[in-house]
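Chemist: Let's have the full structure, built from the sequences with the hints guiding it.
As you go down the protein sequences, you meet chains A and B in turn. Just so we're aligned: the first sequence equals residues 1 to 331 in this note's numbering. Just so we're aligned: the second sequence equals residues 1 to 292 in this note's numbering.
Do not take every clue at face value.
[Unchecked claim] Which residues of chain A face chain B? A partial, calculated answer using Cβ under 10 Å:
#1 24
#2 38
#3 107
#4 218
#5 242
#6 289
#7 296
Hints listed in this document are in silico derivations from the structure and should not be mistaken for laboratory results. Even glycine gets a Cβ: it sits at the ideal position worked out from N, Cα and C.
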Amino acid sequence: MPQGQVFVEKKKDGRWPAWLMKAGWYLGDMLFRGILLLFVLLTVGLVLGIIWVLISNSLPTIQAFGWHFLTNQAFDPVHNIFGVAPAIFGTLVTAVFALFFAVPVGVGAAIFLAEFCPRSLRIPLAFIADLLAAVPSVVFGLWGFLVLAPWLFHTGEPWLQQHLGFLPLFQGQPHGLGLLAAGVVLAIMVLPLIIAVSREVMLIVPREQREALFALGGTHWEVIRYVVLPFARVGITGGIILALGRALGETMAVTMVIGNQAMPPGWSLFNTGYTLSSVIANQFGEATPGLFLSALLEAGLIVFLITLLTNILARLLVAQMGRTRIGEFVV
Amino acid sequence: MSVSSLFSSRSCSILTLRRRVVNALSVIFAAACIAIAVAILLYLLLYMLIQGAQFLNLAFFTQLPAAFGSSGGGMGEAVQGTLILVGLAALFGVPPGLFTGIYLSEFDHGPLAMGVRFIVDILNGVPTIIFGLFAWVLIVIPAHTFSGLSGSVALGMIMIPIVARATEEVLRLVPQELREASLALGAPLWRTIIQVVLPAARRGIITGVILAMARVAGETAPLLMTAFGNTFWNTNVLQPMDALPLRVFVFTESPYPVQINQAYAGSFVLIMMILIASFAVRWATGGLRHRE
Chain A
1 MPQGQVFVEK KKDGRWPAWL MKAGWYLGDM LFRGILLLFV LLTVGLVLGI
51 IWVLISNSLP TIQAFGWHFL TNQAFDPVHN IFGVAPAIFG TLVTAVFALF
101 FAVPVGVGAA IFLAEFCPRS LRIPLAFIAD LLAAVPSVVF GLWGFLVLAP
151 WLFHTGEPWL QQHLGFLPLF QGQPHGLGLL AAGVVLAIMV LPLIIAVSRE
201 VMLIVPREQR EALFALGGTH WEVIRYVVLP FARVGITGGI ILALGRALGE
251 TMAVTMVIGN QAMPPGWSLF NTGYTLSSVI ANQFGEATPG LFLSALLEAG
301 LIVFLITLLT NILARLLVAQ MGRTRIGEFV V
Chain B
1 MSVSSLFSSR SCSILTLRRR VVNALSVIFA AACIAIAVAI LLYLLLYMLI
51 QGAQFLNLAF FTQLPAAFGS SGGGMGEAVQ GTLILVGLAA LFGVPPGLFT
101 GIYLSEFDHG PLAMGVRFIV DILNGVPTII FGLFAWVLIV IPAHTFSGLS
151 GSVALGMIMI PIVARATEEV LRLVPQELRE ASLALGAPLW RTIIQVVLPA
201 ARRGIITGVI LAMARVAGET APLLMTAFGN TFWNTNVLQP MDALPLRVFV
251 FTESPYPVQI NQAYAGSFVL IMMILIASFA VRWATGGLRH RE
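Modeler: In structure tokens form, the structure reads like this:
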């Protein structure tokens, strides 16, 4: 109700004139909308603020090293030489390893959930998978550090060496902690994301298209192979890229199991290493203003840009499926 | 449907036999995949819960960590710290998230809303350590001290996109007829939203907020460089403050079995928190609803 309008008299039946009511609505709505917009701008400003803080604070290393920051082997605060080549290597290797295992299992599991699964099982199974996505990463880190790494050291890595030792991937001294452990933990962590997204895009394949191939005498596998997967391909790719971004940005679990020590460059997954975000997590405590601090923030900037890119790409792909949103909301 | 279709076909030429075998193999492959995924998950959950439950006791919540090497003690200061950090984070994160969600659902369906929605999604995908760096540079470094406040600012920022998204999705579930009825009775849009739409979606919004709080309560990376951790009772948010995941992280790599056991107990609490929040969300969004 508009207040303080002393010059306007109420009508005889005690109501305000219509034009005033309308003006009041209009003003109220504008005000409400304005307040909401303020907070919307705050949210949008947050992204811009992050970009600004990261860029402006990494200028010293950008100016000092330029592109060499990406190719320098040393991250050496003592001599003020900073490079993140081993970190980028570690980040990429662990993420790719994780996807190598998580994608087939995740898509297969999604096929089961979307196609073969009895209705009564679908929701509990999906719920379990979603739950895994919500477990804090420090818990995965704890499991990786206390259970997985010792097992890899005593059993897993010697076994791999014995049977697959001809591959350069499985040579050298087993450490337990290292790229392999980080890759395994990451694979488990991104699995639910791949399952959730793939399942959702498979479930929106039009019923008529499936039925058409069934009517032509197709087996269920042929329907999946020639109808469901081609239809859902774009969305599944989006989900995989989303998972890639998640794996590239994961900090805690990786920091706890990757060993955090650079080794001479090599292809062995047994090597310890570090990633862009684990560098930040390990080094911020010693960071002194100047190049060191700037180097950490540039590492952060690179992580941010990589995940930004993967996220945008993934959302664009999923948007092609006619969905603006995927997964994640329900736990 | 699937399994029965394997055996239903009457004709048995060689071609169909091959197709049926391929079909059967695909079922087996898919079933194996889900079996692997569920087995890993159940193993992890049960292992952590069983290990954690062994070492969980009252002292865990009420006592400080024991001196190095001695037994007993708990993570009371970390539990307290997490409660303070998450409470403050909600104070910072819920209003922007809530209002952004309302704006997206109720006011704008044009290109601006699409842009904002996109940014919310982007924000959701930003690695959480980036928020930690942000708060570190803006608060910790100028203040020359790690602080609970900077930690809760970082956590609050992480909450914004989660709350915004949950709010928007829940508001979309409110029937359009409710809004129309209210508008038809002459209520302006803002009153319709505050008195009709929001109350109708209240349960969902509250659980969305709880979910976001549970999510950030498990965050470690952004707290490393902000709240930093502390092994004493501390309620001063301008001082370094402990948090449950931080303590779990530190104790996991401890050489003392007592502390490792407490890390397990801490993980138990973190997982239970997520479990309870997840079930709360299921309950609030209409049972085991899944978009199908």
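Chemist: Hint by hint, note whether the structure agrees.
Modeler: Status of the hints after comparison with the structure:
1. The criterion of a C-beta within 10 Å of any C-beta in chain B is met by residue 24/A, whose closest approach is roughly 7 Å, and the hint holds.
2. For residue 38/A, the shortest C-beta to C-beta distance to chain B is roughly 8 Å, which falls under 10 Å, so the interface hint holds.
3. At about 8 Å, the closest approach between the beta carbon of residue 107/A and any beta carbon in chain B falls short of 10 Å, and the interface hint on this residue holds.
4. Evaluation of the residue 218/A hint against chain B yields a held restraint, the C-beta minimum of about 9 Å falling below 10 Å.
5. Restraint check, residue 242/A versus chain B: the minimum CB separation of about 7 Å is within 10 Å; hint holds.
6. A least Cβ separation of about 8 Å between residue 289/A and chain B falls short of the 10 Å threshold, and the interface hint therefore holds.
7. Hint status for residue 296/A relative to chain B: holds, with the closest Cβ pair at about 8 Å, below 10 Å.
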